[in-house]
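Peer 1: We have chain A already, so just place chains B, C and D on it with the hints.
What follows is each chain in one-letter form.
There are 4 protein chains.
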Amino acid sequence: MSLTEIDRIHALLPHWVESSRQQCSYGKVASYIPELSKSPIGALGIHIIDASGHSVSAGDTEISFTMQSISKVFTLILALMDIGEEAVFDKVGMEPTGDNFNSMLKLELVQPGIPFNPLINAGAIAISSLIAGASSTEKSCRVLDFLRLLSNNDSLSYDLDVYRSESDTANLNRSMAYFLKDNGVLEGAVEDVLDVYFRHCSISVTCADLAQMALVLAHNGKNPLTGEQLIPRRYVQIAKTFMITCGMYNASGEFAIQVGLPAKSGVSGGILTLVPGRYGIGLVGPSLNRKGNSIAGVALLESLSREFDWSLF
Amino acid sequence: MSLTEIDRIHALLPHWVESSRQQCSYGKVASYIPELSKSPIGALGIHIIDASGHSVSAGDTEISFTMQSISKVFTLILALMDIGEEAVFDKVGMEPTGDNFNSMLKLELVQPGIPFNPLINAGAIAISSLIAGASSTEKSCRVLDFLRLLSNNDSLSYDLDVYRSESDTANLNRSMAYFLKDNGVLEGAVEDVLDVYFRHCSISVTCADLAQMALVLAHNGKNPLTGEQLIPRRYVQIAKTFMITCGMYNASGEFAIQVGLPAKSGVSGGILTLVPGRYGIGLVGPSLNRKGNSIAGVALLESLSREFDWSLF
Amino acid sequence: MSLTEIDRIHALLPHWVESSRQQCSYGKVASYIPELSKSPIGALGIHIIDASGHSVSAGDTEISFTMQSISKVFTLILALMDIGEEAVFDKVGMEPTGDNFNSMLKLELVQPGIPFNPLINAGAIAISSLIAGASSTEKSCRVLDFLRLLSNNDSLSYDLDVYRSESDTANLNRSMAYFLKDNGVLEGAVEDVLDVYFRHCSISVTCADLAQMALVLAHNGKNPLTGEQLIPRRYVQIAKTFMITCGMYNASGEFAIQVGLPAKSGVSGGILTLVPGRYGIGLVGPSLNRKGNSIAGVALLESLSREFDWSLF
Amino acid sequence: MSLTEIDRIHALLPHWVESSRQQCSYGKVASYIPELSKSPIGALGIHIIDASGHSVSAGDTEISFTMQSISKVFTLILALMDIGEEAVFDKVGMEPTGDNFNSMLKLELVQPGIPFNPLINAGAIAISSLIAGASSTEKSCRVLDFLRLLSNNDSLSYDLDVYRSESDTANLNRSMAYFLKDNGVLEGAVEDVLDVYFRHCSISVTCADLAQMALVLAHNGKNPLTGEQLIPRRYVQIAKTFMITCGMYNASGEFAIQVGLPAKSGVSGGILTLVPGRYGIGLVGPSLNRKGNSIAGVALLESLSREFDWSLF
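Residue numbers (my numbering), protein chains in the order written: chain A, -14 to 298; chain B, -14 to 298; chain C, -14 to 298; chain D, -14 to 298.
What you were told as hints is all true, and nothing was included just to trick you.
Residues from chain D that face chain A, not an exhaustive set, calculated with beta carbons under 7 Å:
1. N156
2. L157
3. R159
4. S160
5. Y163
6. F164
7. K166
8. D167
DSSO-like, lysine-lysine: derived pairs with alpha carbons at most 30 Å apart:
9. A:K13 <-> A:K23
10. A:K276 <-> B:K276
11. C:K23 <-> C:K276
12. A:K276 <-> A:K13
13. C:K276 <-> D:K276
14. B:K13 <-> B:K276
It should be emphasised that the hints constitute simulated quantities derived from the structure, not laboratory data.
Using N, Cα and C, we set each Cβ at its ideal position, and we do this for glycine too.
Bound-form chain A, shown alone (with noise of 0.2 Å):
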């Protein structure tokens, strides 16, 4: 039966990804970091793996592309492996805000002062400085491993010219560091805190990479293919209820209606989404919607759900 239905996906997804990829030209490609510009508006690519191995694939799905907020689903998991759930709500929320992923206003008004989840920006800026490691560069290194392990794949790596290109231009990132500085939230050096944010949000995958990792979390922690559980059970489903509350932007609530997927977005236009129990899947498709995440990838997760009942409600 889910045999079945990875034959129907592979049968079709050619067709869909073509039909999905002319919403292209309706978005674009960020802008904000400069060496983002550079993507392919045009692309879409996906790939998708079920827990026995098999995987399909469709469109342009040799690109790489950097993490960026996709990251902060696994950065978030690591801090609660290394410090807790209580340690971690400490300095983060649980709740969405249906502001922009890089408001501020936020911040302000509300009390007492955390940022109000930890996929926003000033909520991962947060997570990156509870990672434990002696220096910035000892944490670096531990969020790459962890990513590797996931991914099983050891070479990935930092795609250097964006996060240098990020590191440079970040001035609203810097300004929301040290305001989480000034109430308290962020422990050690503002810089050194930051580097490590730029570090994982600029890791180069693909799409198959993405799909490995979001296969760990379809398994509630374990890798199907080696039956090695990697994260413990409970921090999977904090991390996915986050991926359906606050995982898609200020887009989260409509993403949950339109698809009902646990999902992670990034502005490199790649998105990390799962099947509970079943798919892993990574996608990228550079052109962005008004809310940030990636047009025709949005388009055709909505047709995928919709075809084949995925919503978990």
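Peer 2: Relative to the frame of chain A, chains B, C and D by itself:
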């Protein structure tokens, strides 16, 4: 297996109710509607019903209370059945807000000036104006009839003392309604729309009534006892998604992480929740936490969800 | 010397009016009150009167127009005369806001929930509820009588078309008033308070009427032509200070720098201003700039103030 | 007559200082800059100087303190002298805000993203970047030289302990500066701009120094003792207008009503104010009220202004 579980619930529930009831002293009964301040602060009751009609209840289930915000789930569904998705989402958004349920802040700042979602007060007032009916009386009758049908209780009616108390003191809701009118969101006269809203908030129910309504949602719109499809499945899906992302005011994110079930609370202390494919659940506990949810009720649901692994995530 | 100046004004004014009038095409007539949208967009008129009763006028001074927000200066003064400083500033603050005159944002965020100042809409509505009188009719009569006295014009009356137009469409002011009511700022029934407010906004005047009222303020509350003290000096001082800090909506700071005179504008295009110890000035120019002030009127006052070195600073 | 008044001031001042000093116990010394928390909470001193060089002083005038926000008046003037009105108001607005001096809320919400006025922190940081100079050191030197000239005190210099304390802990100002940089408001490197800002805030003065600077403003930019025009009159006019509308943080409106003089306060407890055409006044009282102004200093100025009828209005 499901039978086994309900037997275990039956055995454990009285103990858990008494244990959770101790939270009551840390909360407060709602006072902004004067009539509500008379509710019994130490009360806690729960009713759980499964697809074959078996039910378990414990605590103060004889209490009647008003639906308040719980009714918003069903006016949303009725509006969807009346005019369809597109017309409804022309007037209300799909995003959680992170603000208090009665905040006006977001109404003013966010384009295009429509309420963030149908479960905050502003959104529910907008929904009230969308329900079919030649007059506010006819609209109100249609809502009441719909809830009688879902609860399988023809004697469901208004608590007129609460209705009058709310109508007399609801200056903030009036303020919001005129703001919506100014933004072109409301159809018809403001006071007529508000009357529909105040009436559906003041429908009096028991835990058993809520559990019966929830059972229909748990079975995708079908009453499992009669086999009758009372609500199109897609509209139940929309409602359940909103219950996850926005159902527990600005504690929805935390509830999703700690309980993981679609739910909607009201300031009367009622909570309607469900285990998809299995149980409808109604509970009441008038002592509220800081975010406006039943303090003992949330504690009880956390215990149940953890014990029986009910989280969707 | 003052005589010499008024002779120079007499000689130069017609030219300056024609020169400033060219600005009209860059502005817009107010449309949010439907009746106001009928105002002549190209009109500009000004009337200046000195302590000995000499006057100079130029342009379209025959036009009648409604006082709108200009009346707020005088309801503030009347409330101060009725109940004193302490009672008035218990219900409204003393600070400029930087926000639009009809913004609700600040009402919600600032403690203790009173309007920032008496010249924004929320503040003026609060002031309307403070004016002495057994009924809204009596309050309205007292305001009208006070303005007849100050303008030395017994035939001053309402423009009933504008009154009805404003009363029918003022959903934002209604929203604000109910918000104030909810915060405990308003005494009495909301619709009664709003009626007083709508009525004083719709009092119909000419430039000469405004100039006569302004002359009393310019002479610290005394009518220089009769020697009669119509307003205690301290209350004129308070009013003039607010006119400097908040009189021109959220362009008050710029007006203080470019013109430097106490002034109050209305969306009808009227401006009342004064040169302390010397002139009362009334002008009208219905074409408004982005901030809601007469575009040609502000240009004309800038020319006059610069030429005659009228700035207080 | 003016002589008589200064004799009366001379006779009354010691009594009033002692009477106002009692307010000190109701306030608090600034603590956000650690070094400032060492200021003597019970101190109050005032120095008044007239055009002929006569001066009166009372209380703790021997105290040295840092200028803090008082310096913003003079960096504004220097920037105006360096690049003119148009270039300055391209980067900062002219409107009061109603918010705390260090609020970020308004920066985010208001178009076109420039600070509301040059006297809030964000505006003063923007002004720091506009001062002419090839390096931050040269800019800082020019500011110090300008203040030495105005105060006629060549030994004016930095309090390096306060400078370092502020520079080390100013995370909120850093946050604001990076936000401004992101909005294209700041020229040059953020840390360089902040260094200019922290330096001018930490210039150490006495009441007599402030009074001497204020005297120049009171005489429209001319030092009345030497007859030298140190600042163009128009720029003094701009500065005095801002001192009325925004000089006392978000208590500026109240100060304008209760005192009615152009003034600027700092968190060190200093206040610079002036009676136009007559006196320059410097005072210090480190115990601050809720809005950040010297609590005893404001009380003292209210007494003086009321007694001698100094209000401009």
